[in-house]
Structures are given as C-alpha cells and as structure tokens.
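A.B. asks: Residue numbers (the numbering used here), protein chains in the order written: chain A, 1 to 326; chain B, 1 to 326.
Fair warning: there could be bad hints in the mix.
Pairs involving identical chains hold if they fit within one copy or between any two copies, as the list cannot separate such chains.
[To be verified] The calculated lysine to aspartate or glutamate pairs, modelled on EDC-like cross-linking and capped at a C-alpha distance of 16 Å, are:
1) 281 with 35
2) 273 with 313
3) 93 with 52
4) 106 with 78
5) 273 with 37
6) 93 with 78
7) 155 with 324
8) 312 with 272
9) 312 with 277
10) 112 with 138
11) 269 with 313
12) 269 with 320
Treat the hints as calculated values from the structure; they're not laboratory data.
Chain by chain, the residues:
There are 2 protein chains.
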Amino acid sequence: MARESKGSLMTVRDDVRVLDATLRDGGLVNNFYFDDDFVRALYVMNVAAGVDYMEFGYRASRDIFDSDRYGKWKFSDDDDIRAVVGENCTDLKIAVMADVGRTNFKRDILPKNESPVDMIRVATYVNTLPSAIEMIEDAKKKGYETTVNVMAVSKVGREDLKHGLEILAQSGVDVIYLVDSFGAFYPEQIHRLMDDYLEIGDKFGKTIGIHAHNNQQLAFANTIEALRLGASFLDATVCGMGRGAGNCYLESLLSFLKNPKYNMIPLMKFIEKYMLELKNKEKWGFDIPYLLTGVLNSHPSAAIKFTKDGRKDYSQFYQDILDDIG
Amino acid sequence: MARESKGSLMTVRDDVRVLDATLRDGGLVNNFYFDDDFVRALYVMNVAAGVDYMEFGYRASRDIFDSDRYGKWKFSDDDDIRAVVGENCTDLKIAVMADVGRTNFKRDILPKNESPVDMIRVATYVNTLPSAIEMIEDAKKKGYETTVNVMAVSKVGREDLKHGLEILAQSGVDVIYLVDSFGAFYPEQIHRLMDDYLEIGDKFGKTIGIHAHNNQQLAFANTIEALRLGASFLDATVCGMGRGAGNCYLESLLSFLKNPKYNMIPLMKFIEKYMLELKNKEKWGFDIPYLLTGVLNSHPSAAIKFTKDGRKDYSQFYQDILDDIG
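For reference, chain A alone in the conformation it holds in the complex:
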C-alpha cells in the first residue's frame, strides 16, 4: 500500500466536510416519517455542532411515489425545507438526494436562487452513469454544488469502475463518493479503492467522499481510513441511523475530528432529547443478519426482512444467502 496519510491524527484538515445524512438514510428506516419538531431540532443541532452539510432527504418524483405512503422527506420539497430553515442564514449547507430515474429533475429542481438547497447529490449505479451525468449537468447549470454517489461498487470489477469514474470525472460534478452500499468492504479494500478514486480525483480536480455502512461494524473505521488517505466529504448519521445496519455514527466522527469548529455537546443533547425515543420506536444498527449480508457482499434487503419477521435462525439465514449468491 503506497499512499501515505494526508496529515496525522492531530491535523486540522481544512478540506474536510461532514455531511449529516440522518433524514435521508434514516428515512429509509421509518419511511421518512419524522416529526417536524425532530427535524427542526436536528437542523439546529447541526448548526451548533459545526456540521457542514445536512441532507434533508430524497427529491423523489410524486409521479412515481405515492405521497400518502411516505413522509415528506421522501420528496423534500423546497417549501418543506424552507419551513425548517427559513432563509438558512447559517454556515450549514442544505443537500437533497436525487436518484437516477426517480426524480423529475427538470421539473422539480428549480434554479438555485429560487431554492433553499445548496447541493444536489445524485445517486446512481455504474450502469446508469449517463443518466447521472445528465442530472449533474442540469444541477450545475442551475447553480448547485453537486455530488455523485456511485452505489454498490462492491459488485463492480475494478477496471469497469475506474472507467466509470474517469467518465464521471469529466462531468461538472464537484464530489465523487465511494459508497459501500452493502457494508462489504474491509479497510484494506477501502485503501485500494481510495487509491483509484483519489488518483482520478487528482487528475480531474474532483473532491472525493465516503459513505459507509455498518454491517461489519466498520463504517467508522472505513470512514477514517478514507479520510486518512485523502477523502474530504464524510457522511455520517446521528446514532448511525440508516437502512439496515446503519451508517457511520456522527458522534464517533465528530469526536475524532480535530477541527475545533466541531462540537459534541449539542449532539449529545440532541441524542438525549430526541434519539432515545426514536431508537425505542424504530430498528436499525449492527446485528448478525446484517453482518452476514455484509460479509457475503449481498444487498441488506434479505436481512431487513429477516429482522422484521422476528426470525432468529441465523444459521439457516446464512445458508439461505449462500444459496442465493451461489
């Protein structure tokens, strides 16, 4: 492994940006039904804790998804965001995620000067990159910062992935994210992938980000490994809230970063007041079924169903996934 650390454990890295994805990845747990009170408190906390970006949810199309079956953060309308942040006269920037094929971006993403949103995050698989690039260029033209989150790369061969990243890097996108959708990667693999992402990022002047999942209790470890090597955009969620095994814990990440602008106290207070109740109602986080799908590089959906069904026959489940991928 050739790449050296960018700074030490004591370094303040001015390029680092923390993005709180609690509403978006956490919304996959509760179908985006968050109390307004919760969302407002999360926003206020993020501002006070020095978090750089807050992702509000998906900007999904109401033509595709039934508004009655999802909370409002599936759609993250500008007006709903504005009801929380007003004119957002803070240092915290606002992001929403737009899935390839699920967002009517031409209609639903207004020019930036008419919207409270600062950043459009385009989520794509490798095989839908051309559509992703169309969305990126649209958002850039409208004045937004943009990221592209290339999902499920643990299923893609290295050469195909590098080729895809090279194409992406020639678009107007600002940040290219390594996404460990299945929580399948070990830090050694994150290192190897970061070598590729950072090489391409350096070549084309793009920033690199990391979005990790906690199937193997490696979300935080993988995030700080990527950070050490040069990743700048770091996704995390409060109490790791997110689909299945969840994400990198924001409390771990803020306690790790040395920049004095990050502040743990507002985050601790938010957890006391809002998250404990939510944790009693909803289910996410590291557990054996997610470990097994992560180890076997499988989509967590089977583990989510297993958990929802209240099953505990882990040995049978393990055999079942082995059969599925065999």
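Start from chain A and add chain B according to the hints.
C.D. replies: Positioned in the frame of chain A, the structure of chain B alone reads:
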C-alpha cells in the same frame, strides 16, 4: 507507515490463533455466573467452529476474593474445567487468566501434566512487570504455554512501553499481547504500536497478540489491522460479550479469516440457542458512554456506573469525564 501487510485478504495465515475470551471478559459482565449448560455448549461450539483457544476465566485466589460473591469462573479451578472438558481430547486448547497480585500461582497453578489447562495468560500493568515475569517463569517451568497481556498501554509513553516490552521479551513468555483496555486506539495507532511490538517480537522470537475493546466500534477493525501487520493471536468473544463496550465479535473475526478450519455455522447455532437469552439478561456493547470514555482514554468504570444507574444525560457525563481527566 512502513510496515507492509503480511499476506493479503485471501491468505491463510498458518500462524493465526483465535482465542475465545467469552467466559473471562464476559464474566466481568455477570460476575462469572454462567450456567453449566452454557459453558459446556460454548466449549462444544468452540471445538466445532475451529477456534484455537478457549479462555475459561480467571484463576483468582480465594484468599483475596470471596467465593460466595462470584461465579466459579472467577477461580476456574482445574476440577471445574475438567467437569466441562473431561480429558479435552480435541484440538481446542484451554487457557486461564492470572492477574498479577490476585493469583496465588505457586499454590493454585499445578504442573501442567496434572491440569486440563494448556496456557496461562498473565495480566499485568507496565509497573508490575517484574511480578508478571515471576509468574510467567513459574508457569513455563510447570510446562504451560504463556502469554502476557500488558494492560492500559494507552496511558504509557512510547519509550517506557518499548523498554518494558524489551524486558518482557527476555523472559520465557511465548506471546506478548497488545491490550487496548480503554478502547482508546484508532487503527493508525494500532499500526504504530504494532511496529514496536512486532519489532521486539522479531528480535526475541516472540509471537504478538491483540485484545481489543469496542468503545469506538473499532475492536474488529483494530484486530484485523493488527493481524494484517503480523499479529498472530487474536482475542474475540461471542457477540462481543465483555466489560463495558465489549470486545471484538467472534462472528466478525471467523467470517473474516480465510482458513477453512473456521466454521461459522456452529457459532450461529450457539448464538441462536444461548446468547439471545443472555443478551436479554445482561448488558454490554457499544453505547455512547463507552464511546466517550474511549475517546477520552479513560477507564470504562465511569461509563459502566452511568449505564447501571440508567442515566441518559450524555452531555453532562461528557463534561464530567473532561473534568476528571483535566
């Protein structure tokens, strides 16, 4: 960081030994009160799963600790072990831990040919190394394999630690363990420490081990980082059971190792049948108070008390530890 990986993610490393410390570190959760049925099933599982060593508990002195206030695995008498393992005609080796100053080793550790135990693990702080060496030499003379677990090294300066390790390495000990007692280390620090441990191990022909705690959800990440660099003895516990935030999960570790002798199915079955019940009764594992003591390099006792008291005022707790270490 100079040290290269010893093998790749696909390598079977013949030097690797997995040690199940569930009874010993887990015993710190329930005062060593495990049902006989549980202990027997754990032994049978470890044999079937290909685990290399099973630690039965402490060999504490009954002169110091009241037998009525602890379960039998605080003392791990040879007869109690024999009642579980018989003559132990298996590939699994048996270990017990002996704390410096808390074991009457001259009286309570019999010659190996009169005992079912294969390995004595001596637990010490850096400032009690001379006593540890006395115990190691006694155990070696009696015919045992020996390890030394140097605790709380996150509180020791690098030069003092290296000096201590050099002294230890000149004893008859077989394995020297890096122990992250407070769950304070990041993988980068494990890397730096492993450089020192492995350098001294190479020089004196000693094997190196790792015993990690999960305060920052880094026990598994730190274990595989140490492994990658050359550590051979890897401690883990079923479901991470252990004091406070617990340990490296045995299920994560076995799923990671590539040696076909390790088998996940018996472990999954054991968890289904025995651990779920125990998890409902006892409390351990990653939680915010342990994260905070880990980040602040403090003993977990304050977090254990905070948790036991049912407190949830994390922000106040954080301030309190900051005051304590200030």
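A.B. asks: Is it within, between, both, or neither for residue 269 and residue 313, if the alpha carbons may be no more than 16 Å apart?
C.D. replies: Cα proximity of residue 269 and residue 313: across copies only (8 Å, versus 38 Å in one copy).
A.B. asks: For residue 281 vs residue 35, is the C-alpha pair at or below 16 Å within one copy, between two copies, both, or neither?
C.D. replies: Within. Shortest intra-copy distance 13 Å satisfies the 16 Å Cα cut-off; inter-copy 33 Å does not.
A.B. asks: I want to check one pair: residue 155 and residue 324. Are their C-alpha atoms no more than 16 Å apart within a copy, between two copies, both, or neither?
C.D. replies: Within one copy only: 15 Å inside, 48 Å across.
A.B. asks: Measure nothing new, just compare the shortest in-copy and cross-copy C-alpha distances for residue 269 and residue 320 to 16 Å and report within, between, both or neither.
C.D. replies: between (42 Å within a copy, 14 Å between copies)
A.B. asks: First find the shortest C-alpha distance between residue 312 and residue 272 inside one copy, then the shortest across copies, and answer within, between, both or neither for a cut-off of 16 Å.
C.D. replies: Only across copies: residue 312 and residue 272 sit 6 Å apart there, 30 Å inside one copy, limit 16 Å.
A.B. asks: For the identical chains here, do residue 93 and residue 52 meet the 16 Å Cα criterion within one copy, between copies, both, or neither?
C.D. replies: Answer is within: at 6 Å inside a copy they meet the 16 Å cutoff, but 52 Å across does not.
A.B. asks: Between residue 106 and residue 78, at a C-alpha cutoff of 16 Å, which is it: within one copy, between copies, both, or neither?
C.D. replies: Only inside one copy: residue 106 and residue 78 sit 15 Å apart there, 75 Å across copies, limit 16 Å.
A.B. asks: From the Cα coordinates, with 16 Å as the cut-off, is the pair residue 273 and residue 37 best called within, between, both, or neither?
C.D. replies: within (11 Å within a copy, 42 Å between copies)
A.B. asks: Is it within a copy, between copies, both, or neither that the alpha carbon of residue 112 lies no farther than 16 Å from that of residue 138?
C.D. replies: The answer is within: 11 Å in one copy meets 16 Å, while 75 Å across copies does not.
A.B. asks: First find the shortest C-alpha distance between residue 273 and residue 313 inside one copy, then the shortest across copies, and answer within, between, both or neither for a cut-off of 16 Å.
C.D. replies: between (35 Å within a copy, 9 Å between copies)
A.B. asks: Which holds for residue 93 with residue 78 at a C-alpha limit of 16 Å: within a copy, between copies, both or neither?
C.D. replies: Answer is within; shortest intra-copy Cα gap is 14 Å, inter-copy 63 Å.
A.B. asks: Taking 16 Å as the upper bound on the Cα-Cα distance, should residue 312 and residue 277 be classified as within, between, both, or neither?
C.D. replies: For residue 312 and residue 277, the Cα distance is within 16 Å only across copies (11 Å; inside one copy 25 Å).
This entry satisfies every hint, going by the numbered hints stated previously.
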